[in-house]
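Mapping of the sequence shown onto UniProt numbering: residues 1 to 330, in sequence order.
These are calculated hints, taken from the structure and not from any lab test. Possibly wrong hints are sitting among the right ones.
Stated by the list, open to error - With a straight-line Cα cutoff of 30 Å, these simulated BS3-like cross-link-like pairs (lysine-lysine) come out: (1) Lys-125 / Lys-108; (2) Lys-59 / Lys-155; (3) Lys-108 / Lys-155; (4) Lys-5 / Lys-155; (5) Lys-171 / Lys-125; (6) Lys-57 / Lys-36; (7) Lys-308 / Lys-57; (8) Lys-5 / Lys-125.
Claimed, not checked - Estimated spans, in silico, between C-beta atoms of each pair: (9) Lys-86 / Ala-2: 17 to 23 Å; (10) Leu-287 / Asn-198: 48 to 54 Å; (11) Thr-48 / Met-302: 23 to 29 Å; (12) Tyr-66 / Leu-316: 24 to 30 Å.
Even for Gly, the Cβ is constructed at its ideal location relative to N, Cα and C.
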Amino acid sequence: MALIKDVAERAGVSIGTVSRVLNYDETINVTDDTRKRIFEAAQELEYTPIQHKKKRKQKIGLIYSYSLEEELEDIYYLSARVAIEKTIQDGKESVVHLSLSQNLEKLKGIDGIIALGTFHKDEVKMIRQANKPVVFADCSPDEDSFDSVVINLEKGARKVMNYLYDLGHRKIAFLGGNLPGEEAVDFREREYELFMRNHDCFSEELVMAGGYTPKDGYHMMSELLQKKQGVTAVFAINDSVAVGCYKAIYENSLRIPEDISVVGFNDIPTAQFMLPPLTTIKTHVDLMGETAVALIREKISMQRTVSKKIVIPTALVVRESCCDIGGNTD
């Protein structure tokens with residue numbers, strides 16, 4: 001079988017010239033005679049150019065811990081998913097939407113997995129069994145085994161509590177999070193309780209656990225107001241809960257922030273247009289999604305054995321939903 005170097009020797013030109021002419025490279029500057037000589041040499045030697053296989057498009061699987069309905073209620077996860085999908089597609093890979101209920105056989109063509117959301121132990125075990133490179137986004141269930149990228153919820157929660165405390169608030173309620181009996185306690189709730197206990201302000205009556213949606217926020221705030229605990233400020237687990245919280249406060253003929261201050265979390269686009277504009281924590285969820293894609297690409301290409309955990313910082317965005325009721329008197 002003739003090789004390209006044989007054609008080059010027969011035609012009296014370089015291997016590079018043969019390659020470019022036979023591949024019809026229009027940018028090469030050769031005479032018609034040289035071009036003819038190359039094609040004749042290839043024909044005489046019965047040379048067939050090797051057809052290089054087209055590189056397979058990599059597939060990145062995306063698994064969620066939440067339902068479509070929950071995503072529509074909380075733009076946080078919608079923003080994260082969109083950021084992940086856009087970053088993958090900009091890199092010419094393809095996104096494959098996966099479900100934990102799928103048979104692992106369906107994962108054979110997947111190069112890596114991004115798991116978005118908060119996963120229970122059994123779900124993490126199922127993902128591990130896929131035997132693929134995995135990056136967790138928004139949780140870090142096993143930082144020794146998996147790459148992960150998370151928002152610094154703890155520090156964000158401390159910023160909220162310090163801010164409200166410095167404004168003089170002591171009766172600070174916490175709204176949202178897991179229902180009683182669920183496996184994990186949210187980091188924001190944990191930091192809230194730690195702060196309140198350290199300042200001798202904690203009361204179980206001020207903690208309203210019950211979900212993450214505007215509807216949940218409305219019901220939790222309504223129930224809290226019925227308890228008549230004298231609450232002066234509310235720390236909502238996210239901005240969606242804060243939206244429902246606003247409605248309940250107004251329905252009880254109370255004012256924000258004159259009667260009750262409210263702080264949210266995530267800084268969704270709607271927050272700045274609420275009445276009054278919501279003070280909240282910016283979580284840079286787009287960066288979390290982009291970082292998750294960067295990690296899975298690195299994991300796939302380098303076959304890295306040591307795991308990475310990346311923590312995205314937060315920022316307090318002060319607007320008009322909180323007021324000073326006396327400052328720090330301690």
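Going down the list of hints, with the structure as the test:
Between the alpha carbons of Lys-125 and Lys-108 the distance comes to roughly 18 Å, so the proposed pair stays at or under 30 Å and holds. For the proposed pair Lys-59 and Lys-155, the alpha carbon gap of about 35 Å is over 30 Å, so the pair is violated. Note on Lys-108 and Lys-155: the hinted pairing is violated, with a Cα-Cα distance of about 39 Å set against a maximum of 30 Å. Of the pairs offered as hints, the one joining Lys-5 and Lys-155 is violated, with about 65 Å between alpha carbons and a cut-off of 30 Å exceeded.
Among the hinted pairs, Lys-171 with Lys-125 is inconsistent with the structure: their alpha-carbon atoms are about 41 Å apart, more than 30 Å. Straight-line distance between C-alpha atoms of Lys-57 and Lys-36 comes to about 37 Å, which puts the hinted pair past the 30 Å bound. Under the criterion of a C-alpha separation no larger than 30 Å, the hint pairing Lys-308 with Lys-57 is consistent with the structure, at around 25 Å. Among the hinted pairs, Lys-5 with Lys-125 is inconsistent with the structure: their alpha-carbon atoms are about 54 Å apart, more than 30 Å.
Taking 17 to 23 Å as the suggested C-beta distance range, the pair Lys-86 and Ala-2 does not conform, at roughly 48 Å. Separation of Leu-287 from Asn-198 is about 31 Å and departs from the stated range, judged on CB atoms against 48 to 54 Å. The hint said 23 to 29 Å for the Cβ distance between Thr-48 and Met-302, and at roughly 36 Å that hint is violated. With their beta carbons about 26 Å apart, Tyr-66 and Leu-316 fall inside the hinted range of 24 to 30 Å.
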